[in-house]
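S.K.: If you want the building blocks of each chain, they are given just below.
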Amino acid sequence: MSVELLPHRQPRSRIAERYRAFRTALLLSRAGGVKSIVFTSSFSQEGKTASAVNLAVVLGQLGKRVLLVDADLHRPRLHEIFRVSNRSGLVSVLAQDLSPDRAVAKTEVPDVFVVPSGPLSPNPSGLLSSDAMSQFLEFGRLNFDYVILDAPPVAAVADAFILGHQTDGVVLCLHGGKTPREHVSRARDMLYRNNVRILGVLINNLIEDAGGYGAFGHDDRYYGEQGNYGEDERAASALRTR
Amino acid sequence: MIDIHFHCLPGIDDGPEGWDEAVALCQMAAAEGTTTLVATPHVLRNEWLNDDPADRDLLILKLNTLLGGQPSVLAGSEYFFSSDALELVERGRWSPLTYLNRTRYLLLEFPPGEMPSNAEAIFHEFSLLDVIPIVAHPERNRLFASDPDRLHALVERGAFVQITAGSLLGDFGTGPFEACEEFFRRGLVHFVASDAHSLDLRPPRLAAARERVRRDWGANAEGGLFEANPEALLRSERVPWSGIGRGTA
Chain A
7 MSVELLPHRQ PRSRIAERYR AFRTALLLSR AGGVKSIVFT SSFSQEGKTA
57 SAVNLAVVLG QLGKRVLLVD ADLHRPRLHE IFRVSNRSGL VSVLAQDLSP
107 DRAVAKTEVP DVFVVPSGPL SPNPSGLLSS DAMSQFLEFG RLNFDYVILD
157 APPVAAVADA FILGHQTDGV VLCLHGGKTP REHVSRARDM LYRNNVRILG
207 VLINNLIEDA GGYGAFGHDD RYYGEQGNYG EDERAASALR TR
Chain B
41 MIDIHFHCLP GIDDGPEGWD EAVALCQMAA AEGTTTLVAT PHVLRNEWLN
91 DDPADRDLLI LKLNTLLGGQ PSVLAGSEYF FSSDALELVE RGRWSPLTYL
141 NRTRYLLLEF PPGEMPSNAE AIFHEFSLLD VIPIVAHPER NRLFASDPDR
191 LHALVERGAF VQITAGSLLG DFGTGPFEAC EEFFRRGLVH FVASDAHSLD
241 LRPPRLAAAR ERVRRDWGAN AEGGLFEANP EALLRSERVP WSGIGRGTA
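Residue numbers (the numbering used here), protein chains in the order written: chain A, 7 to 248; chain B, 41 to 289.
Keep in mind the hints are simulated off the structure, nothing from the lab.
Incorrect hints may appear among the rest.
[What the hints assert, rightly or not] Here are the computed lysine to aspartate or glutamate pairs in the DMTMM-like style, where the Cα-Cα straight-line distance is at most 25 Å:
#, chain 1, residue 1, chain 2, residue 2
1, B, 102, B, 165
2, A, 112, B, 170
3, A, 112, B, 130
4, A, 41, A, 144
5, A, 70, A, 86
6, B, 102, B, 61
7, A, 70, A, 144
8, A, 41, A, 137
9, B, 102, B, 91
10, B, 102, B, 87
11, A, 41, A, 23
12, B, 102, B, 57
13, A, 112, B, 196
14, A, 184, B, 189
15, A, 70, A, 107
16, A, 112, B, 165
17, A, 112, B, 218
18, A, 112, B, 160
19, A, 112, A, 144
20, A, 184, A, 151
21, A, 112, A, 151
[Claimed, not checked] Listing some non-contacts, in silico: residues in chain B with all C-beta distances to chain A over 10 Å:
#, residue
22, 161
23, 259
24, 282
Note that the Cβ used here is the ideal one computed from N, Cα and C, for glycine as well.
Given these sequences and hints, build the entire structure.
M.R.: Okay, here's the thing in structure tokens:
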């Protein structure tokens, strides 16, 4: 079974428990609370989309209304994970004047709503930095308890910084044992230089002590481990020590 | 046997030129054991627009009358994929597309050397609209032959794959032949059909291909590809067999 939506399909699994712990830490990470969150990574294949989806699921499980937005306009995936149409979406709102409420699709997960990317645009960064985008985010904050954005990796394009400025901050997703140290520090430096707040660092596929995990079978190959640090400086030091 | 890809309507594409050849071609298929075939003229390709399904129905009516049920000919089409695929699907009964035996299975081909960049996105939408695409002869498409991952991406989105009998027999050269073998190894083969066009250059040869599949991939694959799957398709049921090559055959 794929890891996306696992806390929904198997709410009592160890992975679901990990995401609930991550949820708790994340929501306590910033004075005044956290309402809009960007998920990114250093490169692709580090689990940012799965992490964004699963955080949305566990927030929905608290009875919170969550708007999950596919802001990775380069390689959108949310429409496939949730099996919703991608003929209109965020791009339609930003470039074609579609009313935001019409871009929102319900999902199989209670209280979780999704805005897919919509059609491919030749200018994603331009769209994400437009006034239309800040209006869209305002719409999200007004109508939902949480707005979660799945953004492209920082190495490729500036989109995650652009979104980071317009939200409460960024969660940087890493692949435990795989993302090279240099990539992590480079991603962190880029976020700093662009004055983007790092809310936390989420390490996927972290290899922990294997003892006692057997009962979870193959599902245990993947789980979210969170490193949550309220202040940017501490996030940096934690990154350095890993 | 059931043949789900067959050009047998005269004068409307690059299939048989006249009624004599059309009848002889169908009878050639019957002689090697084909009881049912689906007429799949090119639709919206080159000069062969064939965008009125009712015209095709009349041709099928006449062909069935001439053949007397041996074999019996069902309605279908081979749609040349284009970026307006979803709009065509949504036209419903006014669409130029004819699904195989009027089920939800849509036979489509891609341009010979490419896969349009939006194909994956459109296949995703197909699955939401309950349209089941069957990719015709990808082994003869240079992109799919050299990069089966691209084909796999479509299968992951609900597509099925039809390879051509002649490709399995080496009629199209080593490239398509080896691509078929790789597709088999990866479990990317769901149908074998003749794609017959003419008596001399592109005859059916489905029986020979069936023999080859039994020899190379086993009786299980043979039964799935030549019986269970096409039978399910005609009944508009889920395709039951999706083998993964020799190990499970």
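S.K.: Which of the numbered hints are not met once you compare them with the structure shown?
M.R.: The structure breaks hints 1, 17, 20, 22; every other hint is satisfied.
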